[in-house]
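Residue numbers (the numbering used here), protein chains in the order written: chain A, 1 to 228; chain B, 1001 to 1549; chain C, 2001 to 2339.
Simulated from the structure, these hints should not be mistaken for laboratory data.
Heads up, a few of these hints could be off.
[Unchecked claim] Calculated cross-link-like contacts (lysine to any residue; reagent style SDA-like; alpha-carbon spacing at most 20 Å): (1) B/Lys1162 - B/Gly1152; (2) C/Lys2283 - A/Trp50; (3) B/Lys1162 - C/Gln2296; (4) C/Lys2142 - B/Tyr1165; (5) C/Lys2115 - B/Val1323; (6) C/Lys2283 - A/Glu116; (7) C/Lys2142 - C/Glu2211; (8) B/Lys1162 - C/Glu2211; (9) C/Lys2228 - C/Lys2283; (10) C/Lys2283 - B/Tyr1165; (11) C/Lys2283 - A/Phe45; (12) C/Lys2142 - B/Gly1320; (13) C/Lys2283 - A/Gly124; (14) C/Lys2115 - B/Pro1494; (15) C/Lys2115 - B/Tyr1165; (16) C/Lys2283 - B/Leu1249; (17) B/Lys1162 - C/Glu2148.
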Amino acid sequence: MAVDTPALETQFTTLEQQHQSTLLGMWIFLDTEILLFGGLFVSVFAYRVWYGDDFDMASGRLNVLIGGVNTVVLLTSSLTMALAVHAALTGGRRLALWLVLTAVLGLAFLGLKGYEYLSDYREGLVPWTARFSAREWTEHTPPADPQHVALFLIFYYVMTGLHAVHLSVGIGLVVWLTRRAMAGRVTPDRSDVAEAIGLYWHFVDVVWIFLLPLLYLSVHHTPEDFHF
Amino acid sequence: MTTVVDYESQAAPPPPDDEATRSYLTDPPGWRSWLVTTDHKRIALLYMITVTLFFLVGGAAATVIRLNLIDPRGGLVTAELYNKLFTAHGVIMVWLFLIPVIPSVLGNFLLPLMLGARDLAYPRVNLLSWYVFVLGSLVTLFAVLVGGVDTGWTFYPPFTTKSSYTYVNLAALGVFITGFSTIMTGLNFVVTVHTLRAPGMTWGRLPLFVWSLYATSVIMLLATPVLATVMVLIVVERALGMGIFDPALGGDPVLFQHLFWFYSHPAVYIMILPGMGVMSEIIPCFSRKHIFGYAFVAAASVGIAVLGFLVWGHHMFVAGQSVYAAMVFSALSYAVAIPSAVKVFNWTATMYRGSIIFEAPMLYSLGFVSLFTVGGLTGLFLAALGIDQHVHDTYFIIAHFHFIMVGGMVSAYFAGLHFWWPKITGRRFSRPWGRLASLLIFAGFMLTFLPQFILGYLGMPRRYHHYPPEFQVLNVLSSAGASILATGYLLPLPYLLWSLRRGPDAGPNPWHATGLEWQTTSPPPKHNFTRTPVVTTGPYEYHGAPHGG
Amino acid sequence: MPDRSHLPQIPGLPFWPQQASEHAAQVDHLFLFLLAVTGGVALLVIVLLVGFSFLYHRRREDETTPRIAGSLPLELFWTLAPVPIFVVMYVWGVRVYMHTVRPSADAYEVFVVGKQWMWKIQHPDGQREINELHIPVDRAVKLTLISEDVVHDFGMPEFRTKIDVLPGRYVSTWVHPSKTGRFRLVCNQYCGTAHASMVGVIDVSRPDEHEAWLRDHAEGSAALEGRKLFLKLQCLACHSADAAARAPVLEGLYGRNVHLRGGGTTTADENYIRESIVRPRAKVVEGWEPVMPTFQSQLSEEDLIHLVAYIRSLRPGDTPVPTNHFPAPVGAPTGPAKP
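For reference, chain A alone in the conformation it holds in the complex (with noise of 0.2 Å):
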């Protein structure tokens, strides 16, 4: 039934056509995305070869009850946005009640990444402010080299930092869609651009699930590490 004729934008025939193209572009920025990530990946396996030791110990002091609560947390926002789209496929009525969910489990992401960052910084972690000792390092058992040191944790910044900076964005979609679909503008036949966040949201949680390894879980962890 075509009651309230949904916004068809001139250049396409049909819906189906946009429809299409909304999901391919969504596809193809992807692809794009993780080259942008890739060449940060690649750049720490790089030195990872030459300094493995260094980064190891310094991946030893991240705070990985906080990573895996957050993963925890990404998951679970990825389990709610797939129940959003289906809503939103199949005109179910909780869809805003999903969407809210996955925000605010975005927003826990952030709130605890944040915590994470201050405590960080606070344990001298941050290797260009002034709590960051070279000495700790060097007079470390076994010791490390701080500059290798510092190279890890920069990296461990920058990739987590840009991570975060695409959940915000991701969390403004998400917020964008839940006032359409209040709106009752979010429809089954124009459903694509709730598919098309979503896809993003997904590509944003799987980002996730090779940076938490690649930064946190290369190195055998102690019970102290356990703690907020």
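Please arrange chains B and C on chain A, whose structure you already have, making use of the hints.
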């Protein structure tokens, strides 16, 4: 419960009846409507104005460079200013001119027309791409012209990160921003080609210009993000004093070179592929003959895009790469030459037993094919390890890439500009002036850059503010050529602008060309076609009796 | 205005650089081969373009053309025919390149430090030069180079080779001069304001002249300077080559395979020795603790070259004996100063 979606009932409304009588240039009226337009044709013109301005700025920098090099002592400007000038020239010409020019000007204008579509898939993203381009360009121009950057367009660390006390961060930011414009354009083009082809327009019936834009867009999408990454890392290193690429702080300067050239080598194919696409449209038209080897030319575009990602190490043969890496990259660099050669042979064969006329677009195209061939062949010298060791970072390299980028790419843009000028503006330009400009450009170009091959083999390094006096004769010849080249480049401005006011009406198809863009009026109406065309043949059916007007 | 009077003039053909080595001649041969082949192809294309333009110039407005969409045999031909030619170019290019990267036995060794904006050259027996390199003719010369700041490039056009000079690690290349004379040295990698002034002279002379030059410019050899540093910086405190040593023995180290802590081996070359001084924790020898401090901030690249030269020269028995092993001279104070 699933709702069945009735797609058929959602057919698009036809454009208003009288739209076909109005030109996109005046529909809707008022200059403000241009700044919020989503019409791909208007956005193409917005790009045209901006890249032309940037071309003139980059050209002005080149003019000062060549004037300075007349005297071996480099008397015209100080060394500091000279270094900022060649940096500005490279940054502006690469990112603000060569990369966007054909895709964002001719591509934006023609892609929907050639496909029989009403617009690109994402018209608002298209407009956004222009604004992002303008923002990034302004930041970049401010950095290199007002502030001054003296790192060279290649930004090599550690010089870039610790030794260069200039506006590097701002320039990196500007380039970073313009990269998003490139990605948006590439995304738009790929999706458009996939989803908006007219009925009957199979992949095997796409014009070769479309194939080249498609291949270019794939490179744009996959390479540009790596540029974004490396610019971010440079800024982080400078701003925070961290040693990502600085060995004194634990980093590796060669890692930068790998990341940088992983983008920048495919970038040169972003620059040249659209130009090759233009050739494949013009040569059949002015030979009045089917393109020779359509499938091979299309496949060659794809082949160049793929192989172009595998050869970046040939910029680093003397940079501390291992011998084995050098051997692999040398072999792959020979491989990437083959698809380009295939195209040149196919264009030449197209002219065989054709019916050839020498309008301005054809003259520019003949210039392209000959200059690109020479430039491409000199690439074979560089792929040979033993020779590259000698000529790397000398004027031989400068001559090589200027033959391809300027003799090739800029000629291709001028060819395309003149070919589609009647379609874009509805006017014809002056025939004798058009031909004169093309000849001046060809002659000026040869005089400017042929001596540079010799200078390079003799050992004159690049980026030298002053040089040994025995190189003076060749430098003076080169600078003399540059003055002729500059004149040739400035010449189209007056006669093209003149044609806007006083040029005769072009009619829909003044060159009697095939291609859907010529089936609509000149200039086209806002939505391109009054009814969606249906395609039944391939794009180069020039044989048999000549087409009517 | 920079003084150009010391740079060599180029005699001979105005458009061809001199050949200072056999390698240069081989590069020129390869170049001429490529010129012939590519020139031929370019000529063919241009002749065809011009020829077709004349032959098939439109004479009547209504003339028709045949529909020739392509020819598979022709496409295959010009796609595959370049391949064997490219293989020849590739292999020839690799072989010529190998001259500069393959070590020659009994090479005359020179160390080069590049910095903005000069070249500092260090000969094994201690002679130092700035922007000039004196080497003997008819002998392989090994150049080991490093930068003190940014990336430079040691360019030798008459030898037809160059190499980028990086900060942080040594790179090496070989040349084999076959002609005496003065040749051009240039910096090819843009390195800042005075990049164009970072030029010099490569002076190739007969062996007897070269010996005379070395004698006239002798100072303490690099190894001797290195020994002084070795003692001054207290390296001997740990690397004493006796039972009380807290660090591995350095005698006979150069060129040996070293087993590393944590697995793996490496060859003890110049880069390894240098790295062990500036980043001692990077490669610790198996069986030893990583307790060596870094000396990066206390040593310039030239100091490091001296130390490397010294350590390379150490044969069994060469390690100096610590002075506290000898009895004090009669009358010398042996305890703490009395108040």
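Please verify whether lysine 1162 of chain B and glutamate 2148 of chain C have alpha carbons no more than 20 Å apart. Status holds; Cα separation ~13 Å.
Next pair to validate is lysine 2142 of chain C with tyrosine 1165 of chain B; report whether the Cα-Cα distance is within 20 Å.
violated, 36 Å
- Message: Checking one constraint from the list: CA of lysine 2283 of chain C to CA of tryptophan 50 of chain A, max 20 Å. Satisfied?
- Response: holds, 10 Å
Exercise for the section: Given the hint that lysine 2283 of chain C pairs with leucine 1249 of chain B, test it: the Cα-Cα distance must not exceed 20 Å. Expected result: holds, 17 Å
ask   = Holds or violated: are the alpha carbons of lysine 2283 of chain C and glutamate 116 of chain A at most 20 Å from each other?
value = Between lysine 2283 of chain C and glutamate 116 of chain A the Cα gap is close to 33 Å, so the pair fails against 20 Å, i.e. violated.
Checklist line | 20 Å Cα cutoff - pair lysine 2228 of chain C, lysine 2283 of chain C | finding: violated, 25 Å
Is the Cα-Cα distance between lysine 2283 of chain C and phenylalanine 45 of chain A 20 Å or less?
holds, 19 Å
task = Compare the distance between the alpha carbons of lysine 2115 of chain C and proline 1494 of chain B with 20 Å, and conclude whether the hinted pair is satisfied.
result = violated, 50 Å
- Would you mind confirming whether the straight-line C-alpha gap from lysine 2142 of chain C to glutamate 2211 of chain C stays at or under 20 Å? The hint holds at about 17 Å.
Below or equal to 20 Å on CA atoms is what counts here, so check lysine 2142 of chain C against glycine 1320 of chain B. holds, 16 Å
Within 20 Å, alpha carbon to alpha carbon, are lysine 1162 of chain B and glutamate 2211 of chain C?
violated, 41 Å
Exercise for the section: With a cut-off of 20 Å on the C-alpha distance, tell me whether lysine 2283 of chain C and glycine 124 of chain A pass. Expected result: Violated, because 26 Å separates the two Cα atoms, which is more than 20 Å.
The structure does not agree with the numbered hints 4, 5, 6, 8, 9, 10, 13, 14 stated previously, though it agrees with the rest.
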